[in-house]
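Protein chains: 2
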Amino acid sequence: MSLLVIGTLAYDTIQTTAAKRADVLGGSALYFSVAAAAFQPVQLVAVVGRDFRPGDLQLLEQRGVDTSGVEHADGRTFRWSGRYEADWNTRHTIETQLNVFEKFDPKIPSAMRSSQYLFLANASPLVQAKALDQVDHPAFTVVDTMNLWIEIMRPELLALLRRVDGVVLNDEEARMLTGERNLLKAASLVLGMGPRYVILKKGEHGAFLMGSDVHFSLPAYPVGMVVDPTGAGDTFAGGFMGYVARAGNLEPKTLRKGMLYGTVAASYCVEGFGIDSLKERTRRDFDVRYDELLSIVTP
Amino acid sequence: MSLLVIGTLAYDTIQTTAAKRADVLGGSALYFSVAAAAFQPVQLVAVVGRDFRPGDLQLLEQRGVDTSGVEHADGRTFRWSGRYEADWNTRHTIETQLNVFEKFDPKIPSAMRSSQYLFLANASPLVQAKALDQVDHPAFTVVDTMNLWIEIMRPELLALLRRVDGVVLNDEEARMLTGERNLLKAASLVLGMGPRYVILKKGEHGAFLMGSDVHFSLPAYPVGMVVDPTGAGDTFAGGFMGYVARAGNLEPKTLRKGMLYGTVAASYCVEGFGIDSLKERTRRDFDVRYDELLSIVTP
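Chains as they are written, first to last, in our numbering: chain A, 1095 to 1393; chain B, 1095 to 1393.
Just so you know, these hints were derived from the structure itself, not from any lab. Where hints are given, some of them may not hold.
Stated by the list, open to error - Keeping only pairs whose Cα atoms sit at most 25 Å apart, straight-line, the calculated SDA-like set for lysine to any residue is:
{"#": "1", "chain 1": "B", "residue 1": "Lys1279", "chain 2": "A", "residue 2": "Arg1185"}
{"#": "2", "chain 1": "A", "residue 1": "Lys1201", "chain 2": "A", "residue 2": "Arg1185"}
{"#": "3", "chain 1": "B", "residue 1": "Lys1351", "chain 2": "A", "residue 2": "Gln1109"}
{"#": "4", "chain 1": "B", "residue 1": "Lys1279", "chain 2": "A", "residue 2": "Lys1279"}
{"#": "5", "chain 1": "B", "residue 1": "Lys1296", "chain 2": "A", "residue 2": "Arg1185"}
Here the structure is a predicted model, which is why all the values come from computation and not from measurement.
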């Protein structure tokens, strides 16, 4: 089934304890697309500046991402700069330059408006709602968000949550959104806000999926060496949505398998800088690691 | 198969953000025994002082714990006092009084020396080795330890590890023992120290088991409300060993099921103060929650 993502393309400056790299291709929609495209074609709507490197769009095209919905605006591409501490759990944002993303007014090309599977990557809930308005009758819409929007645009976010099927949150966001520390209770409260499904991401501690007909908890894939965790959450969402869209149904079994593929995708992501490792991975690689993860988590 | 535990019986003073209780029955061997006894009879070797309440031994007897190996020494029972912060992850030890445990010289009654399954709960590696010396030919010996012994008795601990089949460690202990931050690599390094199996406990983030023929990772049971996490690690070990000893084999399937039962036992433990909740749980309760956990973690 057709899969559409609306989000950011960016250039990131990333500092780990081992290395620092400037202008690394990034953004929520980038990580999502590269992961999801291992499963099936992906349609991408985003905005970039005049400085966006043509080769970076080609990379996406070669991966099977339709970039005809990428708008080229006057100005510079979105930029994010951050630094990780040695334990990876602490991330310091050094700078965020919205640049062309500040006035992003998503325009979904008519050919993409009939998309069945829709991922609204992190953006202001107003931008996400504008994108959602333009899609005819999506069968499965999942939204991501961040602490900033929970804080400064809570009413708009709550309005959006009533219109979507699923939401992905990390532990901190779930607690902030619900005011509940216990993640199980927080997830239940989120379900009361509208979505049928909530995916709660806990980074190196795994993730769980909760819905009226499914409750599935999964540890992370045991990665031998983390190089750069940037984009792992969006990559998880990409692996999950890519698999589910390919399967074309929302059976609990499909959603569970999607969680495993999301976990596999995230593990490949963190093994390289930016998408260095992820972009080399084929569906075959995903399947090999899926089988390994399955053997580790099956009781 | 017969199951023997050597460890502490204690009176704990526990402070959470919600409550404070003094002289709560506790100790590593207490939590282990109460959990394991849900599966089969347990033999207990420990030392208590003259102040130990007879009713506390009766409680164990009624649960199916043979306390004939509990030595009554002159002096006071081991006491520990600690405080938890609101997130449960930070525990402050306020005071440890070894009391009669300081000169504990374990004497295994002759009737218990042929035990097949042996758990050496946290104690100095020298005390643990003395206990191990007195058991004829255990089929499966598992040892627990703590940061203190890793720091001040490393050679003695390493010598003991070469003599046992399994070791349970929490994440901090695994990192301290191996000098490796990555838990997967840390577990591999521990296996190189002698044991055939290592169980790595990550508290609310679950646990994993690694051995030459098995690698199994499991999230924690999603507890709705934590009341007191004291003893959860020993309770996990008790549920694990109790099930495995009852099954009487070390097949990977058995060890995996043991991990689930350990997780279930720990979840009951943290739902009450001390053993308040745990001690009320029958094998039937364990099985009900086992099935629930199984449904949550099965892909």
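Status of each hint after checking the structure:
1. A distance of roughly 23 Å separates the Cα atoms of Lys1279 (chain B) and Arg1185 (chain A); the hinted pair therefore holds under the 25 Å criterion.
2. For the hint pairing Lys1201 (chain A) with Arg1185 (chain A), the CA-to-CA distance comes to about 32 Å; that exceeds 25 Å, so the pair is violated.
3. Distance check on the hinted pair: Lys1351 (chain B) and Gln1109 (chain A) sit about 42 Å apart at the alpha-carbon level, beyond 25 Å; violated.
4. Straight-line distance between C-alpha atoms of Lys1279 (chain B) and Lys1279 (chain A) comes to about 33 Å, which puts the hinted pair past the 25 Å bound.
5. Proximity of Lys1296 (chain B) to Arg1185 (chain A) is assessed by CA-CA distance (about 22 Å); at most 25 Å being required, the pair is judged to hold.
Hint check: violations occur at hints 2, 3 and 4; the rest are consistent with the structure.
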